[in-house]
Amino acid sequence: MSEIIERTEKKEVEISIKELGMTFQDNQGNDVRALTDVNLDIYKGEFISLLGPSGCGKTTLLRMIADLLEPADGEVRIGGRTPREVRLEQKFGIVFQNAVLFYWRTVQKNIELPLEVMKFSKEECKARSCEMLEMVGLTNFAKSYPNQLSGGMQQRVNIARAFSIHPEILLMDEPFSSLDEFTKEKLHEDLLRIWKQTNKTVIFVTHNIAEAVFLSDRVCVFSPHPGRLSAVVEVDLPRPRTIEMKETPEFNELVKKVRGSFEGGSV
Amino acid sequence: MKKLRNAKWLPMLVWIGGMIALWEVGALVVASTKRTPENVLPHLYQIIAAIFDNKPVNGGQTAIMVVLGSAGKTILRAFYGFAAGTILGFMLALIMKLSRIAEKLIFPYLMLVQMIPILGMAPIILSITGDINKSRIVIAAILTFYPVATNTLAGFNAVEHEKHELMHSYAASKFTVYTKVLIPYSVPYFFTGLKISAPMAITASILVDTLQGDGGLGSMLSQSLKHGMSIYVFWLIVFFSAFIGIFSSKLMGMIEKLFSPQKRKKRGNGV
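In the order they appear, the protein sequences are chains A and B. Going left to right, the first sequence walks through residues 1 to 267 as this note's numbering numbers them. Going left to right, the second sequence walks through residues 1 to 271 as this note's numbering numbers them.
Quick caveat, the hints were computed from the structure, so don't treat them as lab data. Keep in mind the model is a prediction, meaning the values are calculated, not measured. Among the hints, erroneous ones may be present.
Stated by the list, open to error - Simulated pairs of lysine-lysine, PhoX-like, Cα-Cα distance not exceeding 25 Å:
#, chain 1, residue 1, chain 2, residue 2
1, A, Lys-256, A, Lys-184
2, B, Lys-163, A, Lys-119
3, A, Lys-122, B, Lys-104
4, B, Lys-180, A, Lys-109
5, A, Lys-200, B, Lys-163
6, A, Lys-109, B, Lys-163
7, A, Lys-91, B, Lys-174
As the list claims (entries may be wrong) - Chain B residues, not near chain A, derived (Cβ > 12 Å throughout):
#, residue
8, Phe-107
9, Leu-166
10, Phe-239
The C-beta atom is built at its ideal place from N, Cα and C for all residues, glycine as well.
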């Protein structure tokens, strides 16, 4: 319990999001409001989930934080800097739903790619990639090629690559949604372990309620039409989290609470 | 029985057997009509025997020396043109990828060059360059660059959006994106282009050979008919040309394997 209190006590805002909104144009050229008026503070070292059905703007929000998308209105500040500045400082680690591996590179070389881009020395690249391989349990597959790996293993490489650059902020866009339930549960535990070791701020996009509750300190619930942040639910389950916790009444209570905070009914 | 049905070599064997049978029937029919002193469609064993025949057929050379000697010339010229076309094609693909305006300007008209019949183009190129060797290389290059350019460009464009976003998130420079992602990614596409264009370069070289008689498979081909060198030489050249055409394409596949280590390893079962 002391750990939770510690976490809640020294809350330092890392990302501040103010009146953020996004508008897209559809095929007919009409404006579609993807996300409207989001206000949110994300704390340093926090594991926060953006949860919602498709079309609620959760990925849009992630992409605006990552500087992959320019907001239509409002602003995002990360420790006082714009997302663009943070990106140019190479402080983002991004994990997409697809593993996005480079087929001509071995597992180890895939993990080293961002380090090469960032002009790390050969020794540093190797040292870090070895450390990351160890962390995700793929040391024996260092010399394998991506097409020799299962989906779960590919996703582990993806995660290892994101952590290899020691990012300030890890942005994960539905990283486990294409994996089977067993692999997913294993990777949940792995991710929490790595997160605990490295203490990064993690923003995790998902449409899976139980996954969001299990992993997060806070769950941000998004509702569609128009996409908006409709509730933020604190998850006060103790850490480290274990699979068994999913059977507890507290866990189910939280799942129920999160589900209840969706607006827009029939989704 | 099931094993037999799955065997890859079986269809090939059937084809080869069928072709040989058809050829031999044809040879028999042509022999029975017999309008020329020599059988224009000789039996296969006669052609094969010609390979080992020591009798000089042209200026003291045996049949096989004629074929190999002229093949060497043809292949060398095809290779120069092929190399030039490959470099040109790759550069064009790069330019079209780098600049949307260049793509709009070049891409639709690339195909036009391809649509001009090579037989019509050859004399024009010859009169422009004034040199048969140069025009051979130019024509081989023209035929080569198009498949290389379009396939390589397709490879550049096939890179998933997420890979670009990932590189964007690393704040990678354009140069890095090209050298670390686009170019390695397009390697199989590039080789697809090479596999198509290698036999075309050889065909072009042979075709241009026929325009002027200074050696090469094409000129030997027409000479062997005109000067009654021997019908076997003619057929040897035909077969050998077909062989180097097919082989040139296979060779590109082998070189590709050399460059792509992930293709050499078998797919394993991960956990």
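Exercise for review: Check each numbered hint against the structure and report the violated ones by number, ascending.
Suggested key: Violated hints (numbers, rising): 3, 9; every other hint is consistent with the structure.
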